[in-house]
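Sequences are here, hints too, so could you generate the full structure?
Respectively, the protein sequence lines represent chains A and B. Heads up, the first sequence is in this note's numbering, so the first residue is 1 and it goes up one at a time. Heads up, the second sequence is in this note's numbering, so the first residue is 1 and it goes up one at a time.
Be a bit skeptical, because a hint or two may be false.
As a list, the in silico BS3-like pairs of lysine-lysine whose alpha-carbon atoms are at most 30 Å apart [claimed, not checked]:
(1) B:Lys-403 with A:Lys-17
(2) A:Lys-88 with B:Lys-133
(3) A:Lys-129 with A:Lys-88
(4) A:Lys-179 with A:Lys-74
(5) B:Lys-403 with A:Lys-135
In short, the hints are calculated from the structure, not lab data.
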Amino acid sequence: MVPIVELAHVSKAYEQKLAVRDLNLRIEPGTMFGLLGPNGAGKTSSIRMMVGITIPDSGAVSLFGRPFTRESLKKVGYLPEERGLYRKMKVMDQLIFMGQLHGLSADAAASRSRAWCERLMILDAAQNKTEELSKGMQQKIQFIVTLLHDPELIIMDEPFAGLDPVNATLLQDTLVDLKKSGKAILFSTHRMDQAEKLCDEICLIHGGQAVLTGRMREVKSRYERNRVLIDFEGEDAFLSHEAIAEYKQYPGHVEIKLKDHADAQALLRAAEQQAKIYRFELVEPSLEEIFIQTVGEKVDA
Amino acid sequence: MHEAFLIARREYVERIRSRAFRISTVLIPFAFAFIFGIGALSGKLSSGPKHIVVASNDAVLAESERAELMAAGKGAQLSVDVRAPIAEPELQTLNAEVDNKRLDGYLWLEVRPGTRQLEATYTSRGSADFLGKDRMQDSIGHALVREELVKRGATSEEVRALLTDVDLKTLQVTNGKAATADAGKGFWSAYLMAFMLYFAVVFYGVNVAQSVVAEKTSRVFEVLLASARPESLMLGKLLGVGAVGLTQMAVWIFFILLLSSSSLWMNLGLGGLAAYGVTPLRLIFFVLYFLLGFFFYSSLSAGLGATVSQESEVQQFNMLIVLPQVIGLMLIVYILSNPGALPVVLLSLFPPCTPIVMTLRMAAMPVPAWQLALSLVLMVLSTYGMALLASRIYRVGILMYGKRPTLPEMLRWLRYS
Chain A
1 MVPIVELAHV SKAYEQKLAV RDLNLRIEPG TMFGLLGPNG AGKTSSIRMM
51 VGITIPDSGA VSLFGRPFTR ESLKKVGYLP EERGLYRKMK VMDQLIFMGQ
101 LHGLSADAAA SRSRAWCERL MILDAAQNKT EELSKGMQQK IQFIVTLLHD
151 PELIIMDEPF AGLDPVNATL LQDTLVDLKK SGKAILFSTH RMDQAEKLCD
201 EICLIHGGQA VLTGRMREVK SRYERNRVLI DFEGEDAFLS HEAIAEYKQY
251 PGHVEIKLKD HADAQALLRA AEQQAKIYRF ELVEPSLEEI FIQTVGEKVD
301 A
Chain B
1 MHEAFLIARR EYVERIRSRA FRISTVLIPF AFAFIFGIGA LSGKLSSGPK
51 HIVVASNDAV LAESERAELM AAGKGAQLSV DVRAPIAEPE LQTLNAEVDN
101 KRLDGYLWLE VRPGTRQLEA TYTSRGSADF LGKDRMQDSI GHALVREELV
151 KRGATSEEVR ALLTDVDLKT LQVTNGKAAT ADAGKGFWSA YLMAFMLYFA
201 VVFYGVNVAQ SVVAEKTSRV FEVLLASARP ESLMLGKLLG VGAVGLTQMA
251 VWIFFILLLS SSSLWMNLGL GGLAAYGVTP LRLIFFVLYF LLGFFFYSSL
301 SAGLGATVSQ ESEVQQFNML IVLPQVIGLM LIVYILSNPG ALPVVLLSLF
351 PPCTPIVMTL RMAAMPVPAW QLALSLVLMV LSTYGMALLA SRIYRVGILM
401 YGKRPTLPEM LRWLRYS
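The following block contains the structure:
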C-alpha cells in the first residue's frame, strides 16, 4: 500500500540546536498514529516539516507517495499545537474563510461548516463572535477548520490539551470514525492513556530521535508481562516473596513489578495461602511505563 | 495569488465593518479641520486691532509715514497716532504706554539735524509685529521719498503716481502654458496633501504592524500556515489594509469635492480645487505616491511587526516609519521656496522621502517629467526590495515567540530556506 506519509532520514537543526535527527516513519491509510515524547523532543518540529512550514535540512518528506509539494496540502488537515482564531470574526464567517483557503467554494464551505457544527453540537454559537465562545468551543471550531475540506491525512498537534472529559471523548470518537472511513491520522500527545487507547501505531521521540516505533501490539509485546495487580484481604506477608522486584501498596490493593523472568504462578500460590484473593491479574506494562522506562534510560545514558 | 486575495478580502471586509473604521472616517477630518482651524485662528488673533504711534523729531516725516503705514496695513484693523515733533527723552512715556498695553508699539524716526540721515526704531512688547520688517522698512523709504518730493515741489498726484506699489503677478508655466498661480492657496493645498500622505502612511503602516502582532499573539498564523504561504499572508494583509486606506481616502475626497462645489464653500470664497493648483496630474501622483509609500512602509512595518510578541513592543520601531517622513514635513517651507534646489531634488528622489517631498515640489513648480518618472521607478524598485526583505523576516518571525531577536539574528533569518 502507498504510505500517506513517509519521512526518510529527516533532520532539522535550528541555530545550534538539533531538533530532529535522522527520523524515519511511515503512516498507512486507515491508521491512527501516535507521535509521543516529552516536551522539546521534536514532535512539533517533525510535524511542521510534514506540512511544509519548515523544510528539512536533509532527508525527504513524501505525502501520498510523492515528494512534498504544496499542492498535496489540499488533502491535509493540520491542527497546530499553538492555535488561534480571529477573535472578532463571527464563527460561521471564520469557518467559511478557512474552508475557502483550503480550496472549497463559499457554498460548500458553508454547508459543510453547518453539518460539522451540528455534529459537534455548537450550531447555536455559529453566529456569535469567536471571542464570546468558551475555550472548549473555540477548540471545537479549530477542530472543524482542520476537517472542513475532508482531508485524507489529518495531523493534530496535542489535539486534546485543555479539553474537558466530555469534549475530549466527543473528539476522540470523531477521530475514530474518521479512521474507520480510511483516513490516516497522526497526532501528538503527552497523554499516554489516550495514545494507548486510540493508536494503532506509535513513534516515541526523545532528543530529536525515534527511540521506539511500531504497531502498538508489537511494541507492547516486546515487554514482558511482569506487572501483577492483586486485590486482597488479610495478611500481606506474601509481599516479601522472592519473585517481587518492587511494589506499591494501597488499602486492599497492591501493584507489583516482578523480577525478570520470575514465576508469577508461585507468587499466586504464596498469596493465596496467606490472604483472601479477590483479583490476581498479570498485565503487560502500560504505555506510560514503557515511555518512562525508555525515556528514563535515554536520559541516564 | 488566490490565497492572497482571500486574505486581503477578509482583512478588508472585517475592517470596513468594524466600528474603528466608521469612527476614524468621521473623526479624522474633524481632527484635521481642528488643526488647520487653530492655525487659521492664531493668524486671525495676531492680526487683531492694533494701535501704534509714529514718533519723530520731524513732524512732516511722521505724518507722511502715518499715511504709508495706513496704506500698507490695509485690511488690518489699525490705528496710527502721530507724536511729533518730540525729542528722544520723551520716548520714556511711550515705553511706559507700550509696557502697560495702551499701545501695541511705536516707531521712532530720528532725523540727524542738518543731514538726511535717518535712524528708525520700532519698539513693541513682542518680537512679532503686524507688518513684517520688510514692509515697515519699505514704508519708511516711501515716506522719505514722499517728503523729499514734496519739498522739491512735486504735486500730490505726481507723488502718488511715482510711489504706487507695483503689483507683482506670479505665473506658473505648466505644459508650456503660463497660468496665474495663487501662491497662498497653492501652499495650503501642498500642506494639506503632504499631511494627508504622512498621516495615512503612518496610520495604516502602524495598523499593519499591530494586526500582524495581534495575529501572532492569538496564534491565528499557526492555523493559516496549514493552507497558505507566509508570503501570501503578508501580501494579503498589505492589500487588504491598503484597500481600506484607499476607501477611506475616497470617502474623504468625495466629501471634499461635494463640499467644494456647494454654495457654502463658494460663499466662504474658498474657490474650486483648481484655484488651489490641484491639477489632475497632482491628484494622480498623490494616489500613486500614497500607494507606493504605503507599500514601502507597511512592508517594513509587517516585517518588523513579525519580530515582536506583544503589541506594546510595536512602538519601539514606529520611529523608523515616522522619521524619514518628518524630515519632509520639517523642511516644508524650504522645499516650497526652493523646489528646484539640488538637495531638494535629491531628497525627492530618495524613496523613503519621495512621496511627501515630491508632492510638495509639484505644488511649487512644474517638476521635470524625467524626475517624476525616475522617482516612480526608484520607489517601485525599493518597495519591491523592501517587500522581499520583509517577507523573509516575516516568514521566520511569525513562528518565533518570546525574546525579541537581535539584529544579527534577523540577518540570519534572511538566509533561511
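Given the hinted pair B:Lys-403 and A:Lys-135, is their Cα-Cα distance within 30 Å? Between B:Lys-403 and A:Lys-135 the Cα gap is close to 27 Å, so the pair holds against 30 Å.
Going straight from one Cα to the other, do B:Lys-403 and A:Lys-17 come out at no more than 30 Å? holds (17 Å)
Has the given pair, A:Lys-129 with A:Lys-88, been kept, meaning a C-alpha gap of at most 30 Å? holds (6 Å)
Could you grab the alpha-carbon distance between A:Lys-88 and B:Lys-133 and see if it respects the 30 Å cut-off? Roughly 60 Å between the alpha carbons, so the hint for A:Lys-88 and B:Lys-133 is violated.
Does the alpha-carbon distance linking A:Lys-179 and A:Lys-74 stay inside the 30 Å limit? holds (18 Å)
Hint 2 from the earlier list is the only one contradicted by this structure; the remaining hints agree with it.
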